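Chemist: Here are the chains, one letter per residue:
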Amino acid sequence: MKWDLLTTSKLSTTEIQEILKSASGFARGESWQPKNRLFISNLFFEPSTRTKTSFEIAERKLGLEVIPFEVQTSSVLKGETLYDTVRTLEAIGTDAVVIRHSADNYFAELEKGISIPIINGGDGRGHHPTQSLLDLMTIQQEFGSFTGLKVAIIGDILHSRVARSNADALVRLGASVIFSGPEDWVDIQGLPQGCEYMEVDDAIREADVVMLLRVQHERHDGKLLFEKNDYHNRFGLTVEREKQMKKESIILHPAPVNRGVEIADGLVECSRSRIFKQMENGVYIRMAVLKRALENRNGGREDVNANQKWQATY
Amino acid sequence: MKWDLLTTSKLSTTEIQEILKSASGFARGESWQPKNRLFISNLFFEPSTRTKTSFEIAERKLGLEVIPFEVQTSSVLKGETLYDTVRTLEAIGTDAVVIRHSADNYFAELEKGISIPIINGGDGRGHHPTQSLLDLMTIQQEFGSFTGLKVAIIGDILHSRVARSNADALVRLGASVIFSGPEDWVDIQGLPQGCEYMEVDDAIREADVVMLLRVQHERHDGKLLFEKNDYHNRFGLTVEREKQMKKESIILHPAPVNRGVEIADGLVECSRSRIFKQMENGVYIRMAVLKRALENRNGGREDVNANQKWQATY
Amino acid sequence: MKWDLLTTSKLSTTEIQEILKSASGFARGESWQPKNRLFISNLFFEPSTRTKTSFEIAERKLGLEVIPFEVQTSSVLKGETLYDTVRTLEAIGTDAVVIRHSADNYFAELEKGISIPIINGGDGRGHHPTQSLLDLMTIQQEFGSFTGLKVAIIGDILHSRVARSNADALVRLGASVIFSGPEDWVDIQGLPQGCEYMEVDDAIREADVVMLLRVQHERHDGKLLFEKNDYHNRFGLTVEREKQMKKESIILHPAPVNRGVEIADGLVECSRSRIFKQMENGVYIRMAVLKRALENRNGGREDVNANQKWQATY
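Protein chains in written order, with our numbering: chain A, 6 to 319; chain G, 6 to 319; chain X, 6 to 319.
Treat each hint with caution, since some may be false.
When chains are identical, the list treats them as one kind, so a pair holds in a single copy or across two.
What the hints assert, rightly or not - Derived DMTMM-like pairs: lysine to aspartate or glutamate, alpha-carbon spacing no greater than 20 Å straight-line: (1) K83 with E51; (2) K155 with E51; (3) K155 with E85; (4) K117 with D270; (5) K83 with D270.
Note that these hints are calculated values from the structure, not bench results. If you're wondering where the values come from, they're calculated on a predicted model, not measured in any experiment.
Excised from the complex, chain A in its bound form (with noise of 0.2 Å):
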């Protein structure tokens, strides 16, 4: 058995409560390094500050040798495919790939042939995995637990790598889920079970959690669906919608934040905000999901060239 982390709805929650607190001991200072010196690499076809710093940290906080990868310099650029390009890596000494791509599902390529664990960093409009969890360990860090919370998820649902599987996740763990935003962005008719649609104010006034997601310029093909002004007033959290929202209610958001559309300039780092605390915790779930994906590998690389008909001896 591998232990990848592609997507979250493959994991039970038992798994998602393992890793949210093994994340919470690194949080609370605890380390764990690797006995020998491991090898990983960040493959990014897609930009990202955020996450691929974030994992940047916690494979050096995990004591491990981060193999650089850029893309433009890559023989990704000469046609190679992403299967020969990561068999290449592991045949080289990597001894785990973390993958971002904007091909949804690009794994799938991958889950024959490649022997070493792989993180999914995104792919395509389908999964953020490391996203949800952070997500998830935010909450838990404020609420102590899932069992009764509304999350309310506004935005552009449709395109998201997190409404989805996060929605699945924490209904699983024993919250529901509001949905709202844009009708156009938003499945009414095919709601997931324990989810529901409302209109913004509505949800913003009932949810204890307000998670708001970016508006994704970049995937829609540069066409400007909304004004800036126009999405703000209509499904953003403006500085009027804050204050109906509960005592206790906090604010997520993935970033990065188009300040003045999905939230008011002057919100982003309020009391209320977590945004800067997820990105924090960010570094500790990729440490929890690394160490997994270390610890409990398969012997690892030495089965790997084993095609060899003897050994030079010299």
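Fit chains G and X to the known structure of chain A by using the hints.
Modeler: This is chains G and X only, laid out in the frame that chain A set:
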């Protein structure tokens, strides 16, 4: 108080001397390392070999963990502000940042809100304090003191990041400064105190230190104001002019050199040239500046994300 | 004397055997680290996953500090020469450099003036000595010796960085070489000593080692000289041709592979294939070459910037 290094003009002469002394210690082989593992990131929004690599080596020599930041793959491409980018790096555990940016005074927007030290690696046409300090170190190394020295700064004074701040620091330290170069590139009416203008031939005959500035084609919007040879003959350090220099005088250049423009090809590594010595000193200056910032930081990151209600105990 | 590695043709067979022996030691788990902290930089002016990452892992395994060098953000963009770039890296404390560059014999301009060792990671259509050495290591590992072996090199001999230097080294080590491939890509009239030309089917039947070369679209100015299928059927290792290979024969390819062009998709990881074994061996070869360069460097950097009049004492 935060121990940024943004400009040399904010440093007192005592502070300058302290940094030079610390750098000189590193040049003699002294070492310093922080007690805990610290993380640093170099945000270079403009191209640079020398400065970035020099910082990297300085950081490694101090035992810092350098977190790669690649502009090309960062969320800056998604329109994230500089503030949010730096705030993110702070949230995920970076202990200091080095920034080079094309905007003058880019750091103004960071002074409120960012708690980690910022080292300026060059801002637009504004400042480049570690370059100034390494120039000062190389002069002091050569002559022991600044008192009574004549330093000629030749070239594009108006567009230079270091000409004015070098002149300011040199005059405060007791030297006198001669500006020279094309009249369009020197504000002859507005010379700072302690500075005078001379024709190139006179400047070179008078000076103890001949500091050539780079002709920065890339900052003149691609317009070539001079033919290469024309500039060299009229304002460059030609083979003939070098013969007019005083016996003990030395040559400085911030590099990269346009060979055959600011300086004759054959003089780049002549016995008077301290051009590569400057680069060596740059590493020691950066070690001193980083040590100063990290040694003195105020309690650091513990306080940054303190806006949570209670800590999960699990 | 400086222990560069620029071409294999400059290495005696004794030197080649010494490098192979050292690499074989690393393959068996031996280790070596320099006494002091050493800095190295990889200057890759052409894209490459395999070679660059392989050097990175080799460097980390030797405990070297790897200083990132990104062409895209370097002063090369400001027109700096390769000499000045390398001289700068030397001045700021880099102890060795690995260079890949599109210009044949780029190192000619570096031999005078640069004191640190240079490892050639590939020059234009010229040489790629660590690739040649890893090919030799993989063959020796398989057959114990080179004497009497027949090695078929198939494909674009004329544009290959490794075909001619491999042929030269193999013949000197006692093997015989068969060239094959499109007639336009082989200089049949000018075959080196010890080499003969054969039709593909004959070459594959005769050879102990079938070494396929990559069809380098990017080196033919984008002109496709063959349809994919056409090349595969006429010159590639098809499923049918593989069945004609001798029982113990093996397959090599420098990668990245064009699957379905030089080699049938299903054969890339077949039991005869040593393609990923080559990559693994590449790390050991690079460790051996780096050890050789660093162990023997002549006193090193102390002398490089010695042109100062006196040392400041403060």
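Chemist: Each hint: holds or not?
Modeler: A quick look at each hint next to the structure:
no.: 1; hint: K83 with E51; in the structure: both (18 Å within a copy, 11 Å between copies)
no.: 2; hint: K155 with E51; in the structure: neither (32 Å within a copy, 46 Å between copies)
no.: 3; hint: K155 with E85; in the structure: neither (46 Å within a copy, 30 Å between copies)
no.: 4; hint: K117 with D270; in the structure: between (47 Å within a copy, 15 Å between copies)
no.: 5; hint: K83 with D270; in the structure: between (43 Å within a copy, 17 Å between copies)
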